[in-house]
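J.: Heads up: the sequence lines are chains A, B and C, in that order.
Residue numbers are given in numbering that gives the first Met the number 0: position 428 of the first sequence equals residue 427, and the series is strictly consecutive.
Residue numbers are given in numbering that gives the first Met the number 0: position 194 of the second sequence equals residue 193, and the series is strictly consecutive.
Residue numbers are given in numbering that gives the first Met the number 0: position 9 of the third sequence equals residue 8, and the series is strictly consecutive.
Just so you know, these hints were derived from the structure itself, not from any lab.
Quick caveat: nothing in here was measured; it's all calculated off a predicted structure.
One should not assume that every hint holds.
Restricting the straight-line Cα-Cα distance to at most 30 Å, the calculated cross-link-like pairs of lysine-lysine (DSSO-like) are [as the list claims (entries may be wrong)]:
1. B:160 to C:274
2. B:246 to A:202
3. A:171 to A:202
4. A:262 to A:202
5. B:160 to A:262
On the chain B side, residues computed to face chain C include the following (Cβ under 8 Å) [unchecked claim]:
6. 53
7. 194
8. 249
9. 267
Note that CB positions come from ideal geometry on N, CA and C, so glycine has one too.
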Amino acid sequence: MAGRSPTMLSRRGLLTGAAAIGGTAALSGGLSACGTAAVANPDTLQFWTLLSGGDGGTMADMLAKVTGSGAAYDVKTTTLVWGEPYYTKLAMAATGGRPPDVAIMHASRVPGYAPGGLLDTWDIDRLAELGVSEDTFPEEIWKKGMMGEKLFAVALDAHPTVMMFNTDICDKAGVLESDGKLRATTSPDEFVDLLEQLGGQTKGGHPLSYGYLGDGAQMFRLFYTFYTQHGATMKFPEGGEAEIDDDIAIESLELMQRLLDGKLTAQRSDYASAIAEFATERSAMLFTGVWELRTMVSTGMSFDMAAIPTLYGTPSTFADSHAFVLPHQNEPDERRRDLTYQFVADLLKGSYDWATAGHIPAYLPVTESADYAKLTPQSHYAEVAQQVSYEPEAWFTGSASNFQSEFGAAIQPALMTGKDAAAAVDAFRARVNRLLKTTNPVDPDGTWKP
Amino acid sequence: MTATADTPLTRATPRPQPATAPAGRNREQLVSWAFLAPFLIAFALFLVWPLAHGLYLSFTNQSLTGAGGSWVGLDNYREALTDSTMWRALGTTVLFTVVSTIPLVLIALVMALLVHRGLPGQWLWRLSFFMPFLLASTVVSQIWVWIFNPDIGAANAVLGKIGIGPIAWLQDPDVNLYAIVIATVWWTVGFNFLLYLAALQNIPDQHYEAAALDGAGPWRQLWSITLPQLVPATVLIVMLQILASLKLFDQAYQMLIGLSTDTTRPIVQYIFESGFVGYRFGYSAAISYVFFALIVIVGVFQVTAMNRRRSMS
Amino acid sequence: MRSRQARSPGQKRFGIGRVVAFAVLALMAIGWLMPFLWAIATAFKTEEDAASDRSWIGSEGPTTDAFGAMLSNGNVWIWAFNSLWTSLVITLLTVAISALAAYAFSRMRFTGRRWLFAVIVAAIIIPPQVLIIPLFYEMLAFNMVDTPWGLMLPQIVAPAMVFILKQFFDGVPVELEDAARVDGAGRLRVFWSIVLPLSRPVMAAVAIFVFIGAWNNFLWPFLVINDTNLMTLPIGLQTVIDAHGIQYAQTMAQAVLAATPLIVVFLFFQRQIVKGVATTGFGGR
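Turn these sequences into a full structure, and let the hints steer you where they fit.
T.: Here you go:
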């Protein structure tokens, strides 16, 4: 989205917006000293995102709404390629270049950013004044933005890995309940039975689509979902040894291998191929992120979504959150900061639209609204927001992190061959231990305290 | 060395300097340094200083974020030498160098031999083979990522017609290094092709005339004149190609963005990742020097081999 | 079109060998052009066709929609402009400072000449990739990260070009210059009015190569530029994406458009470039 040029509309917008911000804005020098000059040049906030595809389009629409009428700010979005390039650029901008006013990061990446002074903290009181506070978020999601007592990230959403299923195929196979939901399964055996029953209806494809080749994130998402469904956690204490429950890890990995037998699921499939298999109705079910909702809607097929079934007793789903962060600025302009707070609050309040891209909005007033309850299939997996499991916390983990590719490197051979789950878990542990021995690069002398 | 007479390596030694009167010596010195100054300043600032400072950084725990910077002695090197990822990256780099250099030299040779036969359409051949070399790595990557798309890419469409595949070109760790090789050969073979073409044009006609008088057919001529005459050019091309292949980064990085690259991460990418993705400037600098050592060893080896060849002939 | 090459005597004009050679050559040329032609074909499709239709011309027929959509995105023009002017400045500076230094090494006598030249020749082997960490650090110190100077300056040091130019100057007869100097012309004047005109071909070769290198350079600009308004074409195309998602036709339209300027340059300067490759063999990637 190109920067919007100052218009009469936003000029009026600034006045209304400034009034809305109230006392805090009046404190800042620029506005109170020479109001007219400021009005002639509505502030354009620099906003960096890594959202592409349906996400990017939805975000553009949301931005158009919040900057459209009565907004005190304009927004110039810079969308960089998802993943490693984005995080590299963001870190470099916060270090030496010109950081944007606000950026979207995965909440899981915050522990790798905050200690280096790359991020400024959010003022909790200032947010509360705008109606954004701890009690307007699911507990886990709010907590994920905190380090110690400080708030570094304000979540926009939770985007878990979920299950999509083709309702036509499932109906034919007789696995749908009367309310249209998929027959509940509570153990791996039951789930495999379900898939086998679906197998009769998926000619030329597989009952389940799941792509992972070359994609460490995709492997970890499913693995960690199964792992945490055992009620287990992983801990990566800096300088220590990884705490991974081997038996549970092996069992989880073996379930993945069992699914990837070439019959239930293609043994060697990459992310895009799995999406394509499901989208062309060659398979009955797909494990994927909620963000693919738009892709499937656009095919016109009939499908529904649900949480990945709880196969080991404890409801849990791997998820991450898109979160707003303040890249560090040496001398932040207070007025722009105010507008940034306003902007983020506005986006959160307008995040009903964000649900159309599949994500579960983090802001509770949105997901608890009557409108949202009517939204399908979004409301069918909304409960997942209460059972999210983020990646184990460490400076090296998070979306598009080194950790994910290390995990992929350790596990992928076992998935491709269906052999040696135990050895793969060992390799994974060894890689994590190596990362743990490495000093945290953003805080090499270990001096940072939250 | 006739074959490469046009290339700088084989130019005649510098001719004698013009005589200068002793009185003009000081002035001559001054003028010389004035001519040299712009280059030398840039050379010092952007090459010598970074090279030295990088060495210093490799002994510290400097971070991209400005944190750290304490002296850690040989820790970074110790870590690098026991870092399996680094060794894998070095291995990948060497494997790529071997697997890419062979086609990059052989295909270039075949192209040059065929074009040199003087078939019609010279400009078209040159354009076809050399054009990809003019493209930015970004463009090359975008084109090949598109061709290698596992679902809707042209590569699998073509292979599908003969019953092969589908292949996850860039996602399958057993295949993706070769996908990079294919793209690289397409991209850069034209450069070697032009070098060979220049070398071919420098083979004196008398050789062929003499051979023709002796009744040698085209194949005999190829084996007894052309190929032997191309040996010096080949040595040069192989040398340049090895050094270029060792520096693999741009296309590999851009074609595999967002994919796990554990089995395809070249060493330069590991330098980049340690420094700019992992923010570990000190460690990254240390790996840079390991890589530099590799380049120097290969370079020295090549120069020695070439000198030995030269002194033998 | 007849070739300029001397053909070895005894080769027949229309022998079976020639036919086979022609066939092989044509196949290879098609193979080499195909990826680019496919990119062009995709660029002229609708997005729907690009994603689903593998024929050369999509079911909805050729369209310039993708080009239009891309060009209406102001960024592409900014990046192309940035690429053009920074590459020109880099080329100008590189050629200027390299030629001056090379001339000094070739013609002048000064203390440490051999030694210094040896250092510069040795520096040819230093891969720029080794320097990215300290260079970036230096640019931070100079406050040049995210500036055009930070982008350009580190690219103007090209020891290989000094070497090539020195070898060339060594081969230029010195008598002309001597005559001028007897007439009282200074070094700079001799260099400017006698040596430079004589070395136009090699200068062109060096300049073209530096330009291609700068235009296509990826790693350094990728590291040093974060501001989308300062990005060059390769960096912009790689790091900034259209918020509306991966669109194959548009991506290929970008690729084709980014490739066009240099291909046009090649068509115009084919002979110089072909010769330039032979003289500047070091420019290789």
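J.: With reference to the structure, classify each hint as holding or not holding.
T.: Hint check results:
1. As the CA atoms of residue 160 (chain B) and residue 274 (chain C) are separated by approximately 42 Å, the hinted pair breaks the 30 Å bound.
2. Only pairs whose Cα atoms come within 30 Å are accepted, and residue 246 (chain B) paired with residue 202 (chain A) is rejected, the gap being roughly 47 Å.
3. With a C-alpha separation of about 13 Å, the suggested pairing of residue 171 (chain A) with residue 202 (chain A) holds against the 30 Å cut-off.
4. A distance of roughly 11 Å separates the Cα atoms of residue 262 (chain A) and residue 202 (chain A); the hinted pair therefore holds under the 30 Å criterion.
5. Proposed proximity of residue 160 (chain B) and residue 262 (chain A) is supported: the alpha carbons are some 24 Å apart, at most 30 Å.
6. Hint on residue 53 (chain B) holds. Least Cβ distance to chain C is approximately 4 Å, under the 8 Å limit.
7. The closest approach between the C-beta of residue 194 (chain B) and any C-beta of chain C is roughly 6 Å, which is under the 8 Å cut-off, so the hint is satisfied.
8. With a least beta-carbon distance of about 5 Å to chain C, the hint placing residue 249 (chain B) at the interface is held under the 8 Å criterion.
9. Taken as an interface hint, residue 267 (chain B) checks out: its beta carbon lies about 5 Å from the nearest beta carbon of chain C, inside 8 Å.
Violated hints, listed in ascending order, are 1 and 2; each of the other numbered hints is respected by the structure.
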